[in-house]
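Got chain A sorted already, so can you dock chain B onto it with the hints?
Number of protein chains: 2
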Amino acid sequence: MAEIRRDPITGRWIIASTDNPMGPEDFPVEEHRVPSTPCPFCPGNERMTPPEVAARRTNGGQANGPGWTLRVVPNKFPALRIEGNLNRLGQGLYDMMNGVGAHEVIIETPDHQKNLADFETVEMVPVLELYQERCRDLQKDKRFRYLLIFKNFGESAGASLSHPHTQLIALPIVPKRVLEELRRADLYFSQKERCVFCDMIHQELSEGERVILETSQMVCFAPFASRFPFELWILPKNHSADFTQIGPESLRDLAEILKQVLHRVQTVLHNPSYNFILHTSPLEATPHEGYHWHLEIMPRLTRVAGFEWGSGFYICPTPPELAASFLRGEKK
Amino acid sequence: MAEIRRDPITGRWIIASTDNPMGPEDFPVEEHRVPSTPCPFCPGNERMTPPEVAARRTNGGQANGPGWTLRVVPNKFPALRIEGNLNRLGQGLYDMMNGVGAHEVIIETPDHQKNLADFETVEMVPVLELYQERCRDLQKDKRFRYLLIFKNFGESAGASLSHPHTQLIALPIVPKRVLEELRRADLYFSQKERCVFCDMIHQELSEGERVILETSQMVCFAPFASRFPFELWILPKNHSADFTQIGPESLRDLAEILKQVLHRVQTVLHNPSYNFILHTSPLEATPHEGYHWHLEIMPRLTRVAGFEWGSGFYICPTPPELAASFLRGEKK
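Residue numbers (the numbering used here), protein chains in the order written: chain A, 178 to 509; chain B, 178 to 509.
The shape of chain A in the complex, shown without the other chains (with noise of 0.2 Å):
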C-alpha cells in the first residue's frame, strides 16, 4: 500500500507508491540535442549578451570580450528589469506592482559541451563563490525581498540554452515558497527553540536511510516527502541561515558534495533534466532564527499533471529509501 507522508517543514503532503516503485531505468532516458545556432554564452559571442555585471579573468583579458573563465550578465528576456520605482497598484479586487528586480545569468564555463556534474572542485568553488558575490551586490538594493538562485538542466527542465548556467532572480516580494518554509520554521522554533531543519538532519543522520553522502559540514538526503523521484537536499549539518555569509570551509565542502551528488545523479540516472534550487534568509532586517539554507536538486524525469496542480500533494513513484539506496550504489 502506498504511503502519505508530510514534509515537516512546508506542510505539504505527497503520496509515496511503496507498491510498484520505479527504479531509474524505468523512466524515459532524455536526449539533450545541442542547438547548433551560435551560443551567446560561448567565448567570442560575448557581444550576443547585455555587457557583463562581473567576470573572472585570470589571465587577464578585456570586460566583454573573451578570456574569462566566469561570466556574469543581465538575463537578455529579463522576468523583472532592475529599472524603475516599485509602483504598488490596486484594481478593485485586484492587488499589483510593477515588474522591479533583477534577472541575472552566472556563466560557469566558457566550454559549451561541459557539464556541472564533471567539474572538478576547484572549478565548482569559484562558481559559488560568485553565487554569494552577486548575491552581497543585490542585497544593497532596498526594493528587493528575495534572492532566489536557480538552475535548469535539459530541456525537461525548461532550459533554452544548454550552455552551463544558473540564473540568480532578486524579488520584490518573498515568495511563496520560501514564505511556507518560514512560517512552519519559526512556529516550530517558537515552540521548540530548535531548528526544524536541524532536527530533520539530526534524526536523517541517526536512521542513514535516506542519506546519499557526508562531508565534514555538509549533508545529502532524499527527503521523506519527497515531492519527485530521485529528489535530493543538501544542507549543512550546523545551523546556518544565510548562504551568502559561509565561509571558505563551508563553500568548498558545498562544492565538493554538490559535485559529487550531481555526478551519481548523471551516472545513476543517465543525465536526466534536473533543476536546483537555493533556498536562504530572507532579506530582512531581522534574521529567521529557525531557518537554514539548503540546496533542493529536482531530477525531472516524470510530468507534473492535473492531480499535482488540483491539489499540491504530489506522487512519487520512488520512494526516497529506494532512491538513495541506488545513488548510493548499493542497489543497481
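These are calculated hints, taken from the structure and not from any lab test. Given the structure is predicted, the values throughout are model-derived calculations rather than measurements. Careful, some of the hints might be misleading.
Copies of the same chain are indistinguishable here, so a pair counts whether it falls within one copy or spans any two.
DSBU-like mimics (lysine-lysine), calculated; alpha carbons at most 30 Å apart, straight line [claimed, not checked]:
1) LYS414 x LYS369
2) LYS369 x LYS353
3) LYS253 x LYS509
4) LYS253 x LYS508
5) LYS508 x LYS353
Frame of chain A, contents of chain B only:
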C-alpha cells in the same frame, strides 16, 4: 515593463510578461501520437480494466462487456487504494498515514479518437452527471475529506492513455491547494460577508476584458493572475459552493460552456495538451459559506522550471487580457 500580480483567492503572485507577450503561434505545436497498442478503454477490451463501478448502457448490454456509452472503472495503477482503515503514524519528526483513498477513471466515450472539444452539449451533459454521481457515491465514505476531479489531456499534461477519460481521486486529507483557497475565502467572508469569487466574477463581468464566454448561468474568463498562458476558469455566476449540488439547468449550461471553451482552446492553440481540475467544497459537516466551486483549465504550452519550483511565483508569457482577445476571436 512586466506586471507582478496577485491572485486574490490564493494570494499567489505571478509575473505577466507585458513587454514581449507570446501569442498562440509562439508556442511549439505538439503532435499527439496515438499508440497502436490495444487500448484498455476501448469497447471489447473491458477485461483489461478492473470491474466497472458505474456505466451508461442505454441500449442494454452486460456489465463489463461492450455496449456502454460511459464507463467508470477503478484505476489499474491507483495512487491510493480503497481497502483498509486509515492509520496515522508518527516517525520522529515525520507524519504519515497509509494510502487509503479511491482512484477512478471516467471513460467519456467508446470512441478512442474523439476529442472532448468536439462533443455535442447532449453528449457532454451525461459526462458531467456521471462526475456528480461518482462524487455523491464516494461522499458516503467517512474516511474521505476531499474529492478531486481532474483531466490530463495529451502527453505534456501527463496523460498516459489517449482515449478520452477523466480521473477522480478521493483523499483522506483536504489538499493544500484547496486549503489555500478556503483560508483566504473564509477570511474574506468573515471580513465582508461576501464571497471573494462572487466579487471577482462581478469585477470580471463589469470590466469584460478577460471574459471569453458567458451563458445564462456560467462565465469563463482568463484569471487576472494567470499562472500559465491561456489559463481559463469557469465558474457559476450565482454563488454555489458544491459542484455535486448543482441542478440540471446549471449542469446543462456548464456542459455548453465547457464544450465551447475546449473547442476554442483546440482551435486557437492547435490542440494543445491541457489539464483541467474541478475545485469544490471539501466533505465537511459545516460548509464554507465563502467558497465557490470552479473549473480551472490549464493548457500546457510552457514548461515549469526552477524559478517556479523555487518560488511558487509563475512567469506567464501571455497576459490574460491578450489570451482572452485571442480566444474571443478578436485578435488573430
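To see whether the hints hold, each was checked on the structure:
Proximity of LYS414 to LYS369 under the C-alpha cut-off of 30 Å is restricted to the intra-copy arrangement: shortest distance 19 Å within a copy versus 47 Å between copies. Within a single copy, LYS369 and LYS353 get their C-alpha atoms as close as 24 Å, and across copies as close as 25 Å, so both meet the 30 Å cut-off. Proximity of LYS253 to LYS509 under the C-alpha cut-off of 30 Å is restricted to the inter-copy arrangement: shortest distance 27 Å between copies versus 43 Å within a copy. In the homo-oligomer, the alpha carbons of LYS253 and LYS508 lie at most 30 Å apart only across protomers (28 Å), although the nearest pairing inside one protomer, at 44 Å, exceeds that limit.
When the C-alpha separation of LYS508 and LYS353 is checked against a cutoff of 30 Å, the pair qualifies neither within a copy, at 37 Å, nor between copies, at 34 Å.
Taken one by one, the earlier hints fail for this structure only at number 5.
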